[in-house]
Amino acid sequence: MIDKPSIYIIIPAYNENETIQSVVHELKQNGYSNIVVVDDGSSNPIRDSLEGMEIYCLEHKANLGQGAALQTGLTFSLLQGADVFITFDADGQHDATDIKKLIEPVLNGSADIVFGSRFLGKAMDLTKGRSILLKMAKFINYLLTGLDMTDAHNGIRALNRKSVEFLHLRENRMAHASEILMEVKRHHLKWKEVPVTIMYTDYSRQKGQRSTEGIKILFDIFLHKLFK
Amino acid sequence: MSNIQIFLITGVIFVVLFFFNRLKKAILDILVLVILSLLAILFILMPDLTNRIAHIMGVGRGADLVFYLSILIFWFVIIKLYSKIRKLEETITELVRAEAIREGKKI
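In order, the protein sequences belong to chains A and B.
Number 152 in our numbering belongs to position 152 of the first sequence; there are no gaps in the numbering.
Number 95 in our numbering belongs to position 95 of the second sequence; there are no gaps in the numbering.
In short, the hints are calculated from the structure, not lab data.
Predicted model only: the values in this text are computed from it and were never measured.
Check the hints yourself; a few may be wrong.
[Unchecked claim] Sample of chain B residues facing chain A (criterion: CB under 8 Å; computed from the structure):
(1) Lys84
(2) Glu90
(3) Glu94
(4) Val96
(5) Arg97
(6) Glu99
(7) Ala100
(8) Glu103
(9) Gly104
(10) Ile107
C-beta atoms are modelled at their ideal positions from N, C-alpha and C, and glycine is treated no differently.
Start from the sequences, fold in the hints, and give me the full structure.
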């Protein structure tokens, strides 16, 4: 158990200028002071929306993808000496109060990486279409990664230093979520799922992954394996 | 010379001239381009040559053989190009990431 662990929240963000302020505000209200926002080449710099909020702001000069932004945030936090790393979405889908649940298994050593699962917990307003799509993704993920998870594409996770040191994400775009699972399997990391709440607002629904994204992710994973 | 021969040879010449400018310094690429173009012109002017080679390979027509081989070559080139693009993306990512971390600060 680490005495007063240094917790870093990593938020990859691309054109989320509207929601990022309230997301950061909510996190600070819950007591998290080490927040790293990675602006993945947004059209309007997110830095402007966050001036004075006492957070770390990193900027990709070119848009690389959520996976790349995540890895940049992880690498940065590693250099800062973080003990626990939380990945968190910028669109307001995640609940800051869930972080406590994610951190616990990491702190007491029972897991190297903890995934939030919306299917273990209660989800608000999950449409039938998305539910089926996610269940299909879960099954395909099991085939590809060997991990039996209830929620394979959730952006909220907790990692310890060991996990982050092993992780070198090469998938820049949405396939990074599956790459993380493959790396967990490859390095035999201890993992757990805890129930979390996902808040689907009209905004996030409209921004969320379309069916075509799922096919694109499959394609990315296939190519990733081919060109390893 | 038949119309198609004139048309194809003109096409080959245009392609060569087009890429000649762009590949100014790339000697190897120009060499490959010129050799392939001469081969192409040879087969265009002597289509019977392709037919003879085709028969040896057990293929009906010369044009079919050229077609099959072209597909193979395109396939190979595409995969090679894709692999190159991936490497480029990795390099760009490294550069963008390094700068982002270097310039990162508390605001």
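We went through each hint and held it up to the structure:
Here the hint on Lys84(B) is broken, as its CB sits about 11 Å from the closest CB of chain A, past 8 Å. Interface hint at Glu90(B): satisfied, since its Cβ lies 7 Å from the closest Cβ of chain A, which is below the 8 Å cut-off. Hint status for Glu94(B): violated, given a least beta-carbon distance of 10 Å to chain A, over 8 Å. Hint on Val96(B) holds. Least Cβ distance to chain A is approximately 5 Å, under the 8 Å limit.
With 8 Å as the threshold, the beta carbon of Arg97(B) comes within range of chain A, its nearest partner Cβ sitting at about 5 Å, so the hint holds. Taken as an interface hint, Glu99(B) checks out: its beta carbon lies about 6 Å from the nearest beta carbon of chain A, inside 8 Å. For the restraint placing Ala100(B) at the interface with chain A, the shortest Cβ-Cβ distance is roughly 4 Å, inside the 8 Å limit, so the hint holds. Checking Glu103(B) against chain A by beta carbon gives a least distance of about 7 Å; that is within 8 Å, so the hint holds.
Here the hint on Gly104(B) is kept, as its CB sits about 4 Å from the closest CB of chain A, short of 8 Å. Below 8 Å, beta-carbon pairs count as interface contacts, and Ile107(B) has one with chain A at about 5 Å; its hint therefore holds.
Consistency note: the structure conflicts with the earlier hints numbered 1 and 3.
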